[in-house]
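Asks: If you're matching them up, the sequences are chains P, H, B, Y, S and A in order. First residue of the first sequence: 1, per our numbering; consecutive thereafter. First residue of the second sequence: 1, per our numbering; consecutive thereafter. First residue of the third sequence: 1, per our numbering; consecutive thereafter. First residue of the fourth sequence: 1, per our numbering; consecutive thereafter. First residue of the fifth sequence: 1, per our numbering; consecutive thereafter. First residue of the sixth sequence: 1, per our numbering; consecutive thereafter.
No lab work stands behind these hints, which were simulated from the structure alone. If you're wondering where the values come from, they're calculated on a predicted model, not measured in any experiment. You may find that some hints are simply not true.
In silico PhoX-like cross-links for lysine-lysine, where the CA-CA straight-line distance does not exceed 20 Å [what the hints assert, rightly or not]:
#, chain 1, residue 1, chain 2, residue 2
1, H, K232, P, K38
2, Y, K232, B, K38
3, S, K38, A, K33
4, Y, K232, B, K232
5, H, K232, P, K232
6, S, K232, A, K38
Derived list of chain B stretches under chain Y, where covered just means 3 residues or more per stretch with a C-beta under 8 Å from a C-beta of chain Y [unchecked claim]:
#, segment
7, 33-43
8, 54-68
Glycine included, each C-beta is placed from N, C-alpha and C at the ideal position.
Protein chains: 6
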Amino acid sequence: MRLLLANPNTSPSITGLMERAARATASPGTDIKAVTAKFGGAVIGSRTEMVIGDFASLSLLAEEAPGCDAVIVAAALDSGLRAAKEMLQVPVLGLTEAAIHMACLCGGRFGLVVTSARTSTIMREMIAGYGLSSRLAGIRWIGRDPAAIYGDPEGSADAIAEAARRLAEEDLADSIVLIGAIMAGVPDRIRDAVPVPVIEGVSAGVVLCEGMARLGLRKARAGSFAAPSGRKVTGLDPALEALLRG
Amino acid sequence: MRLLLANPNTSPSITGLMERAARATASPGTDIKAVTAKFGGAVIGSRTEMVIGDFASLSLLAEEAPGCDAVIVAAALDSGLRAAKEMLQVPVLGLTEAAIHMACLCGGRFGLVVTSARTSTIMREMIAGYGLSSRLAGIRWIGRDPAAIYGDPEGSADAIAEAARRLAEEDLADSIVLIGAIMAGVPDRIRDAVPVPVIEGVSAGVVLCEGMARLGLRKARAGSFAAPSGRKVTGLDPALEALLRG
Amino acid sequence: MRLLLANPNTSPSITGLMERAARATASPGTDIKAVTAKFGGAVIGSRTEMVIGDFASLSLLAEEAPGCDAVIVAAALDSGLRAAKEMLQVPVLGLTEAAIHMACLCGGRFGLVVTSARTSTIMREMIAGYGLSSRLAGIRWIGRDPAAIYGDPEGSADAIAEAARRLAEEDLADSIVLIGAIMAGVPDRIRDAVPVPVIEGVSAGVVLCEGMARLGLRKARAGSFAAPSGRKVTGLDPALEALLRG
Amino acid sequence: MRLLLANPNTSPSITGLMERAARATASPGTDIKAVTAKFGGAVIGSRTEMVIGDFASLSLLAEEAPGCDAVIVAAALDSGLRAAKEMLQVPVLGLTEAAIHMACLCGGRFGLVVTSARTSTIMREMIAGYGLSSRLAGIRWIGRDPAAIYGDPEGSADAIAEAARRLAEEDLADSIVLIGAIMAGVPDRIRDAVPVPVIEGVSAGVVLCEGMARLGLRKARAGSFAAPSGRKVTGLDPALEALLRG
Amino acid sequence: MRLLLANPNTSPSITGLMERAARATASPGTDIKAVTAKFGGAVIGSRTEMVIGDFASLSLLAEEAPGCDAVIVAAALDSGLRAAKEMLQVPVLGLTEAAIHMACLCGGRFGLVVTSARTSTIMREMIAGYGLSSRLAGIRWIGRDPAAIYGDPEGSADAIAEAARRLAEEDLADSIVLIGAIMAGVPDRIRDAVPVPVIEGVSAGVVLCEGMARLGLRKARAGSFAAPSGRKVTGLDPALEALLRG
Amino acid sequence: MRLLLANPNTSPSITGLMERAARATASPGTDIKAVTAKFGGAVIGSRTEMVIGDFASLSLLAEEAPGCDAVIVAAALDSGLRAAKEMLQVPVLGLTEAAIHMACLCGGRFGLVVTSARTSTIMREMIAGYGLSSRLAGIRWIGRDPAAIYGDPEGSADAIAEAARRLAEEDLADSIVLIGAIMAGVPDRIRDAVPVPVIEGVSAGVVLCEGMARLGLRKARAGSFAAPSGRKVTGLDPALEALLRG
């Protein structure tokens with residue numbers, strides 16, 4: 001199968017980081033195609049950038065998804081996820097969506113490690129949107145932005161492990177989810193220091209996309225996830241317009 | 001005060017309809033400035049168009065909001081609402097947000113009249129996102145799209161009144177919210193036929209924006225609604241980029 | 001319009017404090033009529049006084065509301081609010097109801113500043129009753145009763161600001177609601193010290209009542225907020241009995 | 001033990017009906033003292049009468065509860081219940097509170113039979129206030145007011161049984177709660193026709209009060225149910241004022 | 001009446017402890033029959049032992065319940081409770097179920113004292129299963145296992161009282177529930193040190209069972225608690241098999 | 001990898017049905033080992049059989065899981081699931097757990113098709129236990145027991161498709177989950193007749209187990225899913241006792 005890893009941000013280095021993690025996890029028969037948004041934010045760090053990322057995500061997917069068997073929207077905020085599930089004919093998962101469902105399958109409640117307090121609030125809203133608030137044990141932030149984590153992976157791993165450990169011990173989290181593209185590959189670094197399973201979205205997304213593709217679920221032909229068609233739109237990229245006109 | 005009524009869709013006729021309703025409701029000292037998106041969808045009828053509308057909304061607001069004292073995002077899906085609250089220095093309300101809070105202030109539970117089953121699902125998610133699921137008595141759809149309602153206001157009013165009446169009598173709704181830009185002015189047509197208060201978003205948004213502006217609430221300087229600054233973005237409209245760079 | 005500000009407690013000094021705040025906020029065309037309960041508690045500080053305040057509120061409204069276009073029940077516990085919405089033909093809002101909906105319109109979650117731990121528990125129940133628990137970031141109390149706040153406005157403002165600041169920084173509240181009649185006018189004193197919007201009920205109630213009155217919503221003729229009539233009651237004030245007999 | 005059965009309404013015939021049911025259920029050592037409110041509504045059928053009933057309940061209890069070991073607030077709306085729990089030194093239960101907890105102890109979800117649609121809405125709010133919404137399978141009303149039920153017990157029993165049967169079969173209720181003072185004694189009439197346990201509040205309240213009294217739980221000395229004292233109140237019945245002054 | 005107190009664990013000393021507490025609480029006419037499981041765990045301290053305890057509970061009840069009028073499943077995890085309610089013709093209550101409903105009847109929110117962090121997580125899930133999460137103020141653990149508490153009742157009482165006091169003062173719990181068989185009799189030791197009512201399951205279960213038996217509720221003949229019959233089972237104790245074959 | 005498919009019921013024919021579905025879905029490198037419980041119920045159709053199934057499940061897993069890389073508890077009620085996740089060192093999924101999480105990954109809300117009204121109630125409780133009530137669009141039953149479905153696959157497929165279609169069209173379910181072992185292979189039969197994705201647990205469980213095994217998540221060493229050890233148990237199968245003694 002061919003799996004699209006679509007970074008809705010404009011940071012190729014982060015795309016590369018995720019691509020390596022995806023290849024390390026994928027089954028032998030899975031071909032990873034990693035792409036990066038051509039416009040928008042380098043990193044999503046605000047609600048405004050969320051909206052831009054949602055749109056950049058759809059523009060990118062409209063162009064790059066054809067020919068792929070499944071798609072990972074590769075950003076913490078699951079940019080444009082519900083729309084992408086609607087618009088495309090193949091399974092689409094978000095990093096956070098994939099990771100928290102994998103955490104649920106471990107049992108009990110999960111704790112989230114995020115970069116900042118600001119992200120914490122937005123993440124809490126997202127978890128509620130997925131209907132999983134009752135399985136959230138807590139959220140802790142490490143106070144480092146993605147660039148700082150990228151530049152100091154060792155020191156950051158210590159900070160992440162400490163937040164994870166406190167989620168397990170003080171908030172009684174039964175598993176830990178590391179939120180964000182920058183967390184690709186981090187679970188391997190901190191597993192010894194954290195007494196419960198540690199999950200991040202790229203690897204979770206790869207195995208879940210492989211699974212969904214294998215199931216061969218039929219695309220919705222009715223309801224709120226049926227693909228739109230015959231819509232009147234103007235001023236968008238040709239690929240996106242074509243999808244909406246059907 | 002100057003109130004921006006920003007239609008994130010590309011339908012000037014609907015903007016005109018809303019503008020008339022807004023002027024009919026506004027206080028003497030309120031100046032209404034109505035604007036229409038320059039790209040995107042004519043109507044938001046799918047999750048994909050929601051994402052486009054969110055982005056079109058922010059682009060429009062970045063250009064048109066300066067100089068205004070409050071903003072109504074004038075579409076049923078409250079396009080880009082949370083981001084606009086974050087990005088701008090003045091109060092921003094969405095049509096649905098304004099209408100359901102006004103309904104809450106009437107007491108009890110509200111029922112929603114929407115155009116289609118598809119909108120019903122998305123609206124249920126939105127109400128949950130506002131934390132008001134427990135005050136939702138039910139959702140009923142009339143099976144007409146906005147163009148059909150625009151073209152047949154009398155016949156549509158009958159269908160809307162029937163749905164509203166059933167929400168009150170069968171679902172025990174204590175008030176009725178008519179969802180969407182196309183509902184501007186409709187409450188006056190159906191009030192006699194519906195035994196509970198009937199609310200739509202344009203008029204609710206106008207009076208709530210006037211009230212918020214009068215309170216002079218201070219813009220958040222911290223937390224998840226503080227305005228972003230110093231963000232790296234590319235490929236956007238200059239006004240939007242300028243706001244994010246701060 | 002004529003707006004009734006009805007204090008269900010027997011403290012004219014607090015009524016005066018609220019009246020000044022209401023006049024400072026009201027539109028030019030709004031006439032404020034402030035009245036004080038003739039029996040009951042000086043302050044509501046227990047569940048027992050809540051019940052007394054609910055009844056005192058209805059007795060006061062039955063006598064004073066005729067001729068008014070909207071009503072604010074001017075106490076933290078929103079005394080008799082749902083009954084007043086049912087009984088009267090005009091919009092009725094409570095201090096806390098008005099303030100928390102205004103906070104919701106700012107976006108995100110709100111934090112509450114209350115006077116005592118005891119009030120904290122009761123307020124948590126009230127927020128749940130309004131269906132807004134998921135938008136509550138936290139409650140903090142300052143450990144001063146209304147009389148102490150009234151007697152030391154400067155020192156109290158510091159304590160209130162400190163509680164508000166911690167709600168924003170530690171509980172990640174996106175706005176702050178100051179609970180109680182005694183908080184009228186306090187937001188102006190603490191805005192510089194608190195990094196998110198600060199709201200109290202008198203000013204919020206005034207602008208929301210003005211907005212509701214302008215909308216001209218039709219009074220419910222059916223459902224759980226239709227006015228009662230033909231009820232058999234004895235031993236009440238004549239005005240209240242007359243309303244129930246219809 | 002001495003058990004006070006306090007009807008906060010002014011209908012002695014209903015008090016008598018409940019008293020007979022209470023005596024039929026009580027243990028040999030339990031002495032039932034049944035009293036009726038001296039002012040207020042004959043029946044609570046609106047939100048306004050709820051408030052009056054809450055106050056009438058406290059006035060009645062302040063005078064009649066001394067010397068009793070437990071109290072049943074004997075009306076569907078559990079008039080003044082939380083305040084009475086706070087104000088008195090002995091256990092206090094409401095009819096609906098007692099019945100729904102007894103239903104929970106039967107397992108699964110309960111269905112409610114009420115008199116009218118209007119009561120249905122208010123009852124839904126009450127169940128939410130008790131935190132038990134997730135155990136509510138449904139509410140059905142029979143469209144007869146208490147006077148009609150009192151005047152036609154046989155015909156009413158058929159209507160009640162039909163509502164109960166549909167709750168069990170269509171809404172999958174695992175038990176049935178009959179709401180209101182008028183339902184005292186009704187379970188015996190309909191048990192054969194309903195395939196799940198049928199519960200009403202007077203008998204449930206009697207056995208639960210007996211149990212609480214036997215446990216000898218200590219009255220709260222702190223928190224939101226500690227008895228108030230030193231409160232400034234005016235214009236109330238002497239007994240109620242004395243309790244609040246402490 | 002004859003009340004079965006069935007310990008699903010294999011610890012006769014704990015059964016004895018509970019039996020003494022049950023006799024101290026029971027009405028004169030209540031005969032307590034205390035029995036202990038013949039296989040399974042000495043104490044339930046893990047999810048695996050929960051499953052074993054559920055099964056041991058049913059095996060024990062199938063053999064011992066005939067001839068009894070009500071049953072207490074006498075372990076913190078309410079072993080096999082819903083199945084026992086289904087399988088038997090008489091009321092069945094669990095220790096935790098009984099205690100938390102008794103706490104609800106005291107009003108407000110309850111706090112839980114448990115032995116360990118591990119139990120805390122499982123107990124939180126149980127409270128959610130009973131639909132009572134919104135009435136849970138907090139959970140605190142004392143870090144002693146049942147054997148340690150049994151061996152040092154005085155020192156343990158101090159630790160329990162401290163946890164209870166903090167639940168009341170810091171978490172604003174309106175009542176305290178002590179979780180587990182080992183807590184039988186403990187409320188009497190700590191009442192003076194805790195400012196809100198203190199409840200444990202054996203005594204709560206006794207009075208609630210007495211009350212349910214007195215009500216004479218009819219066993220469900222339909223729905224999810226009707227007794228199974230005609231089921232094909234093999235390899236179980238004869239008594240349990242007989243019940244399932246009907 | 002080696003995947004254990006463990007049927008906690010005593011019906012080898014159903015095990016065979018599931019084994020064929022599992023093999024049809026599994027990756028080339030996955031070896032399926034299908035086993036059947038040696039005691040308990042032929043089918044789980046009551047709460048009592050649930051408890052027996054939970055225990056039979058653990059007994060079976062203690063003996064058969066060693067040497068396997070992941071486990072599917074292959075019954076609708078996810079027998080003993082949380083305990084198995086705790087007890088074993090490898091991932092364990094239940095049929096219903098797997099299917100509903102796969103449905104969530106399709107987006108929106110799912111509808112459930114079950115065999116009977118009785119199962120409907122129990123399934124609603126299970127979905128709540130997984131924290132996913134807000135994603136449940138509805139439950140419909142077909143009124144046929146597993147034996148009837150097994151004996152008439154064609155006619156049953158029509159009944160199942162009809163229930164699924166109504167869930168999509170009337171309850172607005174965005175995907176359909178077929179509940180129970182007997183549904184293995186059924187999605188292929190009804191996909192053309194149902195306009196949204198159709199999911200059942202065996203195939204969902206296989207791909208999710210493969211994914212979890214590939215991720216190599218570390219087993220919890222602390223918290224409520226750490227494996228128990230040093231527990232005192234008697235009278236169990238040697239394999240189960242050995243696991244608990246550690």
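Asks: So, for every hint listed, does it hold in this structure?
Replies: Verification of the supplied hints:
Restraint check for K232 of chain H and K38 of chain P: the C-alpha separation of about 13 Å stays at or below 20 Å, so the hint holds. The suggested pairing of K232 of chain Y with K38 of chain B holds, with an alpha-carbon distance near 13 Å, which does not exceed 20 Å. Between K38 of chain S and K33 of chain A, the direct Cα distance comes to roughly 34 Å. Violation of the 20 Å bound is thereby established for this hinted pair. The suggested pairing of K232 of chain Y with K232 of chain B is violated, with an alpha-carbon distance near 32 Å, which exceeds 20 Å.
The straight-line distance between the Cα atoms of K232 of chain H and K232 of chain P is roughly 32 Å, outside the 20 Å bound, and the hint therefore fails. Restraint check for K232 of chain S and K38 of chain A: the C-alpha separation of about 13 Å stays at or below 20 Å, so the hint holds. Here the segment 33-43 of chain B counts 6 residues with a CB under 8 Å from a CB of chain Y, which clears the bar of 3, and the coverage holds. By the rule of at least three residues with a Cβ nearer than 8 Å to a Cβ of chain Y, the coverage given for the segment 54-68 of chain B holds, with 4 such residues.
In the structure shown, a violation is registered for the earlier hints numbered 3, 4 and 5, in ascending order.
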